[in-house]
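Q: Read off the chains here:
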Amino acid sequence: MRNGMNIAGVSEMVHEVQTQPHEAICRYGAVARWSEGRGIRAHNEPAVLGTVKSPRRYDLTVAPEQGPTRDDAPTAVRLALTALAACALTTFVGGGSARGVTLESLRLGVGAERVREGGRDRLTNLSYDLAVRADTGGVDIAEVVAGMETQSPNHRTVIDRQPLTLVLGDGAPEQAPEPAAPPAGSGEKVAAAVDWQYSVQFLATADDASAPLRVDQPKQLAGVDWGPNPQEYLLTALASCVLGRTVALSEAAGRPAGPWRFRAGGQVDIRGLFLIGPDPVVPVHRLVLEVTPPDGAPDGWQDLVREAVRTSPVAGLLMDDHLVKIDLDAAAVGHD
Amino acid sequence: MSEQRDGTAIGSFPRARADAGWMNDLRRERTAGPRTPHQQSLEAPAGNSTTAVHGGTYLDPTTRAVGTPIFQTSTFLLDETSYDAFHEGVTRDVPIYTRYGNPSQWSVQEKLALLEGAESALVTSSGMAAISTTVLALTNPGGHVITAYDVYGGTYNLMREDLHALGRDVSFVDAADPAAVAAAIRPETQMLFVEGLTNPLLKAPPLAELAALARQHDILLVVDNTFLSPACLRPIDLGAHLVVHSATKYLNGHSDLTAGVVAGPRKFVDRVWAQAMRLGGTLEPFSCFLLERGLKTLPLRMRAHHENASGIAAFLAGHPAIGRVHHPSLPDYPYPHLRESARGYGGVVSFEVAGGDAAALRVLQALRLPRVATSLGGVESLVSMPFNTSHSSLTQAQRTAVGIRPGLIRYSAGIEELADLVDDLDAALALLDEDPAPEATTDSPDDEARDGRQEETPCATA
Ligand SMILES: Cc1ncc(COP(=O)(O)O)c(C=O)c1O
Chain A
1 MRNGMNIAGV
11 SEMVHEVQTQ
21 PHEAICRYGA
31 VARWSEGRGI
41 RAHNEPAVLG
51 TVKSPRRYDL
61 TVAPEQGPTR
71 DDAPTAVRLA
81 LTALAACALT
91 TFVGGGSARG
101 VTLESLRLGV
111 GAERVREGGR
121 DRLTNLSYDL
131 AVRADTGGVD
141 IAEVVAGMET
151 QSPNHRTVID
161 RQPLTLVLGD
171 GAPEQAPEPA
181 APPAGSGEKV
191 AAAVDWQYSV
201 QFLATADDAS
211 APLRVDQPKQ
221 LAGVDWGPNP
231 QEYLLTALAS
241 CVLGRTVALS
251 EAAGRPAGPW
261 RFRAGGQVDI
271 RGLFLIGPDP
281 VVPVHRLVLE
291 VTPPDGAPDG
301 WQDLVREAVR
311 TSPVAGLLMD
321 DHLVKIDLDA
331 AAVGHD
Chain B
1 MSEQRDGTAI
11 GSFPRARADA
21 GWMNDLRRER
31 TAGPRTPHQQ
41 SLEAPAGNST
51 TAVHGGTYLD
61 PTTRAVGTPI
71 FQTSTFLLDE
81 TSYDAFHEGV
91 TRDVPIYTRY
101 GNPSQWSVQE
111 KLALLEGAES
121 ALVTSSGMAA
131 ISTTVLALTN
141 PGGHVITAYD
151 VYGGTYNLMR
161 EDLHALGRDV
171 SFVDAADPAA
181 VAAAIRPETQ
191 MLFVEGLTNP
201 LLKAPPLAEL
211 AALARQHDIL
221 LVVDNTFLSP
231 ACLRPIDLGA
241 HLVVHSATKY
251 LNGHSDLTAG
261 VVAGPRKFVD
271 RVWAQAMRLG
281 GTLEPFSCFL
291 LERGLKTLPL
301 RMRAHHENAS
311 GIAAFLAGHP
321 AIGRVHHPSL
331 PDYPYPHLRE
341 SARGYGGVVS
351 FEVAGGDAAA
361 LRVLQALRLP
371 RVATSLGGVE
381 SLVSMPFNTS
391 HSSLTQAQRT
401 AVGIRPGLIR
411 YSAGIEELAD
421 LVDDLDAALA
431 LLDEDPAPEA
441 TTDSPDDEAR
451 DGRQEETPCA
461 TA
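The listed protein sequences derive, respectively, from chains A and B. Under UniProt numbering, the first sequence is numbered contiguously, ending at residue 336. Under UniProt numbering, the second sequence is numbered contiguously, ending at residue 462.
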């Protein structure tokens with residue numbers, strides 16, 4: 001065990017997906033629903049990890065992006081930043097543990113500027129503050145950080161462009177509209193931080209009033225089912241964000257909002273995370289958003305959803321490419 | 001005294017790391033086992049009997065004993081190999097502490113894995129330990145399990161009383177009906193748990209069909225193979241992911257041990273092992289020895305059990321004092337597909353005494369050879385009645401609904417002379433003629449009995 005990770009177990013997984021590539025494909029889903037009074041509730045769908053299923057029974061309330069928060073619920077943007085930071089750290093812990101780094105503490109703060117103007121809402125100027133305290137065993141931490149940048153699925157989804165497929169009601173799958181260009185100028189600062197606990201368990205906090213979030217992998221993937229994993233948070237953020245905007249647009253257009261259902265799906269090829277094969281696919285891909293409108297939704301609801309996608313900060317984060325500035329604060333502990 | 005051991009001999013294992021640059025450089029792969037190099041390896045595929053005798057045997061290099069020694073210890077000297085094993089997380093492969101693993105376990109586990117056609121096996125302190133540990137290890141809170149409404153009572157109680165408390169939902173279906181199984185599948189269904197041959201009516205679910213269904217939905221098929229043993233049926237060959245047993249029965253075969261086993265791919269058995277370490281249902285070394293010794297004669301015994309049960313079934317099928325006889329060898333057996341996949345049907349034959357429960361009890365009293373006791377699979381014949389043992393918690397109506405009708409006797413044929421067993425039965429049944437039983441059976445047609453079966457019939461205690 002190193003850093004709480006069963007290195008042999010990870011090693012066996014690496015070997016398994018080398019010889020049986022279909023075992024590398026992990027499919028995740030999140031569903032967000034809106035209803036009058038309760039607002040947005042989201043839950044994860046069972047994950048299919050290669051040929052093994054994990055039920056992933058997690059649900060949470062998502063706070064609206066504007067207006068009063070619901071108790072201590074996180075916003076979709078906070079969920080997305082948490083997903084980004086937690087995936088980067090999961091990748092760091094995996095890569096670092098493989099290389100023999102013994103961690104004492106690990107924290108990643110992720111910050112962004114949220115610029116809103118004329119209905120557009122974008123996250124820009126992304127940055128990481130990575131604090132590492134470790135017995136490095138002679139390993140250059142900057143190399144582990146470089147591995148994190150290239151192999152973290154959520155990070156790559158954010159820094160690369162990713163297509164998103166929309167399935168609107170019974171309609172044929174369509175390409176989601178390009179995200180609106182970020183407005184000029186500066187915006188409000190948003191931030192979240194993720195602290196490593198043990199193995200692939202993390203605790204995420206934010207500087208708003210929302211409660212800490214637990215992050216973990218399924219027990220089938222070296223976790224202990226302590227919470228949703230970074231991909232599940234990302235998909236929850238996507239579904240909730242576009243749902244929230246659709247409801248807001250619908251209300252602004254004087255149309256009553258009903259019980260919408262948004263399902264976000266995506267998959268990860270863990271050969272990307274492991275760096276297996278000549279050109280492994282790293283980002284979360286096959287991103288899809290399936291929308292079930294309320295009964296009696298007015299004609300043209302599809303355009304409301306398209307507009308919600310175009311202007312959603314989370315959809316923009318995933319679909320567009322971004323630069324992420326990384327600040328590393330690494331200090332050696334132990335007997336280097 | 002030297003505390004060094006030959007690290008390449010015991011607990012050698014491929015290291016995970018070879019100066020890894022990233023995770024792709026980790027080098028450990030799953031291998032069969034755990035095993036030590038002193039265990040007999042069967043290079044060429046061997047017949048069942050050969051495997052049963054030789055598979056996995058530990059050939060002690062010091063004494064050159066022909067049988068596996070009993071490693072009667074709870075702990076082992078620590079050395080660099082042990083520390084490495086802790087560090088790398090491969091403590092299943094190195095003798096450290098008997099709850100983690102012991103060469104006595106490894107020997108018998110290897111024999112069992114070879115017999116079941118599995119990569120790895122784990123022995124446990126009972127059949128229920130194997131079942132509960134397997135189900136818990138391979139499902140998660142929020143998951144769903146499908147099982148049969150007529151599974152063994154202990155399994156039924158685990159599924160009904162404990163799993164929901166642990167966050168797993170369970171559906172009980174007729175496992176012999178793939179359409180019923182398919183209808184119960186949900187997005188969160190993780191496991192289908194069935195018995196290869198059920199107690200006491202010897203229903204045989206179509207395992208190959210269920211395996212295909214399970215794989216199509218990313219569900220693990222776990223088969224309790226207690227009633228047939230690998231000498232008769234190998235569920236893994238039919239597509240099952242894992243096999244569990246009450247090794248208390250045929251595998252040990254002498255009614256002198258309580259044990260269990262789970263066998264399957266190392267990917268899953270390792271997880272069951274990790275769960276077993278935490279829950280604690282380890283099999284201790286002396287019991288491993290008994291089980292390994294019992295297993296050496298498994299194919300031989302299973303042939304005798306099969307011949308005796310088939311002979312008894314043939315005798316009873318034509319007997320005027322007997323109603324229905326449940327046995328796969330009989331022409332009216334409703335699951336003929338079993339004949340294609342099985343090399344024998346074990347030793348159980350169930351039959352209805354025409355005079356009902358009272359008459360059946362008189363038969364039990366009159367029998368000289370089989371002992372009246374619960375359990376099965378030992379060399380000695382045993383008889384019992386479901387109505388006052390395994391299925392006593394059911395009402396008469398519920399028993400009828402699951403097909404257990406008045407007068408049903410479960411006969412576990414041992415390995416005695418068939419002629420002696422038949423003569424004994426003949427004599428016991430003849431006594432019924434002298435003093436006809438007062439009670440009459442309710443003779444519901446087959447379809448009626450089947451229609452009456454409900455999902456979630458509260459089933460038996462152990
Ligand atoms: C089919 C079956 N499975 C499991 C068990 C439980 O095994 P054990 O009694 O060894 O715990 C039994 C016991 O009768 C059984 O018949």
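For the record, the hints were derived by calculation from the structure and aren't laboratory data. Predicted model only: the values in this text are computed from it and were never measured. Glycine included, every Cβ here is placed at the ideal spot set by N, Cα and C. Just to be clear, a hint being listed does not mean it is correct.
If you only want the chain A side, here are some residues facing chain B, beta carbon under 7 angstroms, derived [to be verified]: (1) 53; (2) 274; (3) 275; (4) 278.
Q: Indicate, hint by hint, whether the structure satisfies it.
A: Each hint, compared with the structure:
no.: 1; hint: 53; in the structure: holds, 5 angstroms
no.: 2; hint: 274; in the structure: holds, 4 angstroms
no.: 3; hint: 275; in the structure: holds, 4 angstroms
no.: 4; hint: 278; in the structure: violated, 12 angstroms
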